[in-house]
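Q: Protein chains in written order, with this note's numbering: chain A, 10 to 156; chain B, 1075 to 1736.
No lab work stands behind these hints: they were computed from the structure.
Fair warning: this is a prediction, and the values are worked out from it, not measured in the lab.
Idealized CB from N, CA, C, for every residue including glycine.
Any given hint could turn out to be false.
Some chain B residues flagged as far from chain A (calculated, every beta-carbon gap over 12 angstroms) [what the hints assert, rightly or not]:
#1 Glu1157
#2 Ser1266
#3 Lys1330
#4 Asp1386
#5 Gln1422
#6 Gly1640
Simulated pairs of lysine-lysine, DSBU-like, Cα-Cα distance not exceeding 30 angstroms [as the list claims (entries may be wrong)]:
#7 A:Lys128 / B:Lys1479
#8 A:Lys128 / B:Lys1622
#9 A:Lys71 / B:Lys1725
#10 A:Lys128 / B:Lys1474
#11 B:Lys1258 / B:Lys1495
#12 B:Lys1180 / A:Lys71
#13 B:Lys1725 / A:Lys113
#14 A:Lys128 / B:Lys1601
Rough simulated footprint, nothing fancy, chain A against chain B, three-plus residues with beta-carbon under 8 angstroms [to be verified]:
#15 1169-1182
#16 1190-1200
#17 1590-1599
#18 1697-1706
#19 1710-1722
#20 1728-1735
Listed below, chain by chain, are the residues.
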Amino acid sequence: MPMNSTESFAPKIVAFCCNWCSYAGADLAGSSRLAYPADVKIIKVPCSCRVNPMFILRAFEKGADGVIICGCHPGDCHYSTGNYYARRRMTLLFSMLEYIGIEKDRVRVEWVSAAEAVKFSETMNSFVLQIKNLGENVRLGDLRCKS
Amino acid sequence: MQRIGVFVCHCGSNIAATVDVKRVALAMLSENGVVFADDYQYMCSESGQLKIAQAVKEHNLTGLVICSCSPRMHEATFRKAAEKAGINPYMVEIANIREQCSWIHKDIEQATQKAIILARAAVAKVNLNSPLIAGKSPVKKRALVIGGGIAGIQTALDIADAGFEVDIVEKTPSIGGKMSQLDKTFPTLDCSACILTPKMVDCAAHEKITIFTYSEVENVSGFVGNFTVDIKKKARYVDSAKCTGCGLCQEKCPSKKALSEFNCGLSNRSAIYTPFAQAVPNVPVIDPLQCIKLKTGKCGLCEKVCAANAIDYTQKDEIITREYGAIVVATGFDVINLDNYDEYAYSQSKDVITSLELERIMNAAGPTKGHLERMSDGKAPKNIVFVQCVGSRCADNKGKSYCSKICCMYTAKHAMLIRDKYPDVNVSVFYIDVRTPGKNFDEFYRRAVEEYGVNYIKGQVGKVTPEPDGSLTVHGVDLIDGRQVKISADMVVLAAAIEPNASVRQLATQLTASIDTNNFLTEAHPKLRPVESPTAGVFLSGVCQGPKDIPETVSQAGAAAAKVIGLLAKNELTTNPCTAHSDELLCNGCSACANVCPYGAISYQDKEVNDHGIRETRRIAMVNTALCQGCGACTVTCPSGAMDLNGFSNKQIIAEVDAICR
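Model the full assembly from the supplied sequences, consistent with the hints where possible.
A: Next comes the structure, spelled out in structure tokens:
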């Protein structure tokens, strides 16, 4: 079978998951054996509101190809309002990404509850596909260093 | 500089079959700060923990990384092991290489690579960990049980018997719940009221139990051991202290057109009413939407006939604030709305009823005094058809995807009781599967078929048509014979799906307890912590957690009570030390953090600081660590970067990001 570029490219994807819903959803996806690509690496945070926009920029700076933030559904936040803060902050950050030089499709916010293993797995599968279609995150790389 | 030990768990073959554990351990040896790395079959076992203790001693470790299952599973285990070995428990990080690696990947190379990256992220984090000391908080020695059905009653009784005070909050005028509406219970056929009402009376008489009926939870704040709850006591318009429960007011009330909730709307009740004769407390309430006096100012008959002078039209809703150490949710279930199921003609014919309605019809205190009658014309039915799985096990979005669990058994019970009392009545049951797991359950079902001759037909009902002569034609399919069947029936009983009580959504938000897509409350672990919510201090009892029958509900209620007793027996709890703190040299006192804090944990103080030799008084944010729950909202909102979170500091998370992207 011929390998095309999207298949050989293994993107680096950072997933910030809140401890209460999404991280537990990822665990349930695991125990239910609902596969998603190994490109996704999860960082546990107490709440999606702990995700500083700087963390996302840092990830891109260090060569990440995609960053996804997962939290509890609106209204279900363990800390009542954290995911609302995350939503606002990310809306603002995302609106400025193109300006910085990062395609908007490299980031996503998704609400995944502790019971939504299927949604977690599907989300990760579709996000990886989306990043693969975008290709490597080269726009932030310094072209002058390339020979 | 940390001295980190990395321990890679095989988890039998759960991890080792997909992840090359030896390579992971080897790779970690070249990571910054790692002085020891090893793998072992079961890290969580006693010998695994012993290995940790030995390594700590031999290599003088200051931090640990365990590459194993999810931290939700064994973080506490390894923290304890660390503490035993003499390391601060918060110097431990878990790399989740089972749920988030070996179990979802098949390719050994890919999975091993990923495990290495997850492990090195954990190592990078531990390099920046600092020892944390958990604080202590006192425990309020009182429990709140929300819901006064059999689940709530049993939980309350068990907690109270252990010597702790319990409050029950029930939104209807009486405790008893759904079980009080049932006639007989499977598989023993004992009368529901006979086994329930003594428990209701015990509850009311128990010196440690306070019952708030006709009340709802209005607001919840605080955390495990220290909840503060506002309970709204709705105006009853009857003084509970004075009322003797004689019932004269209900008899004399001229407004008798309200539908009885207790009888599923099959009979009427007066505007002043107790839901049923054995209600606890036996104090009526006035329905303000039905009461002539409250609506028009005229009437007042109940006040006139009340010898105890208990009627009080001026009563207002009252908010009671109480403090609790633990909260048990026992909100139970409702039968689903059947509007989407018009093919069964539920809205078109009075003789198409739900099973709960049949319970009321068969009950001696019900609308027909226990005589099996058609609700349309009062005639005795000769042919009854039961339809199973109405709204349960639906593949489409119309109904519920889950099995309601109790319907197979109660339908067998109904069929058997009808055949026993009225042997000339033909009973047919359309079913997808008959599910009877449970002690003496299958024997019970077989009795219905073999001894009582109930006609079980495997297949679904497509349509129920009301005929002009008042009968109902049931169009179904018999899958075993492979043919269409048409049965003329006088009564059709729908085993409608059950769903969590509608109030649970709002309650879950108030308690910050998580619920699943079907509105059932999520348990902390589906197998190992089935009666605890992931939110500390919140426990689950009964159907609010998932469909179950009475024996299971009672067992779960007892289990929840045991958990509550375990909590209340403690004098103090260790608090999560992963709280926020502000750097006084960076803080400019702008108040941004206090504005986003959901717990009001941040206040400001004028404090003298020494900023590189300059002494001055500045307004500085102070975090009350007893109130802070560690969400981290403040850390991101802080414009000067002064706020940081213990255990999830900016530097730690950035180190993880870097390690993953390296």
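Q: Now tell me, hint by hint, if it's right for this structure.
A: Status of each hint after checking the structure:
| no. | hint | in the structure |
| --- | --- | --- |
| 1 | Glu1157 | holds, 21 angstroms |
| 2 | Ser1266 | holds, 32 angstroms |
| 3 | Lys1330 | holds, 41 angstroms |
| 4 | Asp1386 | holds, 37 angstroms |
| 5 | Gln1422 | holds, 37 angstroms |
| 6 | Gly1640 | holds, 22 angstroms |
| 7 | A:Lys128 / B:Lys1479 | holds, 25 angstroms |
| 8 | A:Lys128 / B:Lys1622 | holds, 26 angstroms |
| 9 | A:Lys71 / B:Lys1725 | holds, 15 angstroms |
| 10 | A:Lys128 / B:Lys1474 | holds, 18 angstroms |
| 11 | B:Lys1258 / B:Lys1495 | holds, 13 angstroms |
| 12 | B:Lys1180 / A:Lys71 | holds, 28 angstroms |
| 13 | B:Lys1725 / A:Lys113 | holds, 26 angstroms |
| 14 | A:Lys128 / B:Lys1601 | holds, 21 angstroms |
| 15 | 1169-1182 | holds (count 10) |
| 16 | 1190-1200 | holds (count 3) |
| 17 | 1590-1599 | holds (count 3) |
| 18 | 1697-1706 | holds (count 4) |
| 19 | 1710-1722 | holds (count 4) |
| 20 | 1728-1735 | holds (count 6) |
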